[in-house]
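Novice: Could you build all of it, start to finish, from the sequences and the hints given here?
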Amino acid sequence: MIEKSFTVISEVGIHARPATLLVRTASNYDANLTITYNGKEANLKSIMGIMALAIPNGANIRIFADGQDATAAITSLEDVLIQEGFAS
0 MIEKSFTVIS EVGIHARPAT LLVRTASNYD ANLTITYNGK EANLKSIMGI MALAIPNGAN
60 IRIFADGQDA TAAITSLEDV LIQEGFAS
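In numbering that gives the first Met the number 0, the protein residues as written are 0 to 87.
A portion of the hints provided could be inaccurate.
Pairwise CB distance ranges (calculated) [unchecked claim]: (1) Val11 x Gln67: 28 to 38 angstroms; (2) Glu10 x Gln67: 32 to 42 angstroms; (3) Asn37 x Ser87: 31 to 41 angstroms; (4) Glu10 x Asn37: 16 to 26 angstroms; (5) Arg23 x Thr70: 10 to 20 angstroms; (6) Glu10 x Asp68: 13 to 23 angstroms; (7) Gly66 x Glu10: 32 to 42 angstroms; (8) Gly57 x Asp29: 17 to 27 angstroms; (9) Ala51 x Asn31: 17 to 27 angstroms; (10) Lys39 x Thr19: 17 to 27 angstroms; (11) Arg23 x Glu2: 13 to 23 angstroms; (12) Ser26 x Glu2: 18 to 28 angstroms; (13) Lys3 x Ser26: 10 to 20 angstroms; (14) Asp29 x Glu2: 17 to 27 angstroms.
For the record, the hints were derived by calculation from the structure and aren't laboratory data.
Since the structure is predicted, the reported quantities are computational estimates derived from the model, not experimental observations.
We put the beta carbon where it would ideally sit given N, CA and C, even for glycine.
Specialist: This is the structure in structure tokens:
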């Protein structure tokens with residue numbers, strides 16, 4: 000299992016647009032992908048799950064990946080979060 004931590008820097012947090020981008024990216028991989036915030040966890044392939052976490056600006060989140068393509072999945076998700084200015 001691979002884990003990566005991020006701090007949300009988007010002023011509005013992880014809202015619909017970043018959640019959609021994360022789901023689209025995660026859906027390209029077979030790995031089991033989860034995101035955690037404030038003691039709660041959601042499947043990164045579920046937009047409703049991510050939105051239900053209500054991740055605000057300044058939040059510390061962690062992404063977990065488990066499976067054959069876990070490294071590639073984490074790298075792609077990190078690229079989306081950083082390049083789109085959602086997290087650092």
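Novice: Does each hint fit the structure? Answer for all of them.
Specialist: The hints, checked one at a time:
A hinted range of 28 to 38 angstroms for the beta carbons of Val11 and Gln67 is consistent with their spacing of about 35 angstroms. For Glu10 and Gln67, the Cβ-Cβ distance of about 36 angstroms falls inside the hinted range of 32 to 42 angstroms, so the restraint holds. Hint check: Asn37 to Ser87, Cβ distance near 19 angstroms, so the stated range 31 to 41 angstroms is violated. As the Cβ distance of Glu10 to Asn37 is approximately 19 angstroms, the hint placing it in 16 to 26 angstroms holds.
Look at Arg23 against Thr70: about 19 angstroms separates their beta carbons, and that is inside 10 to 20 angstroms. Here the CB-CB span from Glu10 to Asp68 is close to 32 angstroms, at odds with the stated 13 to 23 angstroms. Between Gly66 and Glu10 the CB atoms are about 33 angstroms apart, so this pair conforms to the stated range of 32 to 42 angstroms. For the pair Gly57 and Asp29, the supplied restraint of 17 to 27 angstroms is violated, since their beta-carbon distance comes to about 32 angstroms.
The hinted range of 17 to 27 angstroms is satisfied by Ala51 and Asn31, whose Cβ atoms lie roughly 18 angstroms apart. At roughly 20 angstroms, the beta carbons of Lys39 and Thr19 sit within the given window of 17 to 27 angstroms. Take Arg23 and Glu2: their Cβ atoms lie about 22 angstroms apart, and the range 13 to 23 angstroms holds. With their beta carbons about 20 angstroms apart, Ser26 and Glu2 fall inside the hinted range of 18 to 28 angstroms.
Under the hint 10 to 20 angstroms, the C-beta atoms of Lys3 and Ser26, about 18 angstroms apart, fit the expected range. For Asp29 paired with Glu2, a C-beta distance near 18 angstroms keeps the hint of 17 to 27 angstroms intact.
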